[in-house]
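One letter stands for each residue in the lines below.
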Amino acid sequence: MNHRDENEIRRLLKDSIAPLPDTELHRDLWPSMLRRLDQTSLRVPWWDWVLLGATVAVIAFFPGMIPALLYQL
Amino acid sequence: MDLLDRFAAGDLEAFEDLFRQHQKHVYSWIVRIVRDSGIAEDLTVETFWRIYRSHARFQPAGNFPGWARRIATNAALDHLRATRRELELPADLSASGDPDLAVRHETRRQISLAFSHLPPKYRLVAILALLEEEPYENIAVAIGISPALVKIRVFRAVRMLRKNLKSMGVGIEKDK
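The listed protein sequences derive, respectively, from chains S and R. For the first sequence, the numbering used here assigns the number 1 to the initial residue and increments by one for each residue that follows. For the second sequence, the numbering used here assigns the number 1 to the initial residue and increments by one for each residue that follows.
Just so you know, the hints here were simulated from the structure itself, not pulled from any lab data. Careful, some of the hints might be misleading.
Below, a list of computed lysine-lysine pairs in the BS3-like style, where the Cα atoms sit at most 30 angstroms apart [to be verified]:
hint, chain 1, residue 1, chain 2, residue 2
1, R, Lys24, R, Lys151
2, R, Lys121, R, Lys24
3, R, Lys151, R, Lys166
4, R, Lys121, R, Lys163
5, R, Lys121, R, Lys166
6, R, Lys151, R, Lys121
7, R, Lys166, S, Lys14
8, R, Lys121, S, Lys14
9, R, Lys24, S, Lys14
10, R, Lys163, S, Lys14
11, R, Lys151, R, Lys163
12, S, Lys14, R, Lys151
Quantities reported herein were computed from a predicted structural model and do not represent experimental measurements.
Using the sequences and the hints, build the whole thing.
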């Protein structure tokens with residue numbers, strides 16, 4: 001395996017894979033970026049859902065814990 | 001406070017200015033790796049999302065374009081890991097009825113298929129080094145490894161491609 005192999009594979013690849021017609025960006029992606037930022041700010045992390053579920057479960061199964069939970073708030 | 005300081009402090013307007021300054025460079029780097037304009041646009045947004053999320057880690061004295069390129073390379077590599085898309089063949093042979101050209105077209109398809117079966121980190125260096133002829137030093141900086149390791153990965157990618165092609169029955173003629 002040497003430089004000649006590399007050149008041969010390079011030649012084969014260039015011959016077999018379509019060249020890129022254009023690498024220029026033709027539109028402003030800022031609106032897409034803003035949408036991405038908006039979507040993410042609304043997303044609630046999965047851990048928050050776990051905590052919420054655990055809290056609801058505690059309240060449902062151990063109502064006597066409610067004063068202790070309220071005390072923690 | 002200059003633009004990079006404001007960005008590092010989480011200023012959205014500073015981020016927008018940086019986005020507008022660098023989106024074309026980031027896009028053109030990514031499209032050379034993933035070779036699809038729509039996917040490259042999505043990954044450009046993904047790259048800047050990762051940049052925005054990491055603003056607190058950015059050192060304002062640092063090199064923003066270099067940092068952005070490294071994050072873009074990681075985003076493109078994640079895409080290569082998630083997909084095993086065959087790269088598009090040149091259009092010149094596909095529409096012909098000539099049997100010789102049909103054989104050449106089939107050979108090209110097999111080469112493209114063998115290439116798509118390379119592990120993603122080898123496919124990445126092979127695209128940049130062999131197809132795009134990017135200098136090893138630039139690839140090393142973009143990936144965050146040494147030029148020597150880039151050279152080793154190119155060497156291994158070539159070896160794997162030869163092996164894949166051999167198992168498909170595609171012979172490789174050596175230069176005289």
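Hints, one by one, checked against the model:
1. R:Lys24 - R:Lys151: Roughly 28 angstroms separates the two Cα atoms, so the pair holds.
2. R:Lys121 - R:Lys24: holds, 24 angstroms
3. R:Lys151 - R:Lys166: It holds: about 23 angstroms lies between the C-alpha atoms, which stays within 30 angstroms.
4. R:Lys121 - R:Lys163: Holds: Lys121 (chain R) and Lys163 (chain R) sit about 17 angstroms apart, inside 30 angstroms.
5. R:Lys121 - R:Lys166: Between Lys121 (chain R) and Lys166 (chain R) the Cα gap is close to 21 angstroms, so the pair holds against 30 angstroms.
6. R:Lys151 - R:Lys121: holds, 13 angstroms
7. R:Lys166 - S:Lys14: Holds - the C-alpha atoms of Lys14 (chain S) and Lys166 (chain R) are around 18 angstroms apart, at most 30 angstroms.
8. R:Lys121 - S:Lys14: holds, 19 angstroms
9. R:Lys24 - S:Lys14: holds, 25 angstroms
10. R:Lys163 - S:Lys14: Holds, at roughly 18 angstroms.
11. R:Lys151 - R:Lys163: holds, 18 angstroms
12. S:Lys14 - R:Lys151: holds, 19 angstroms
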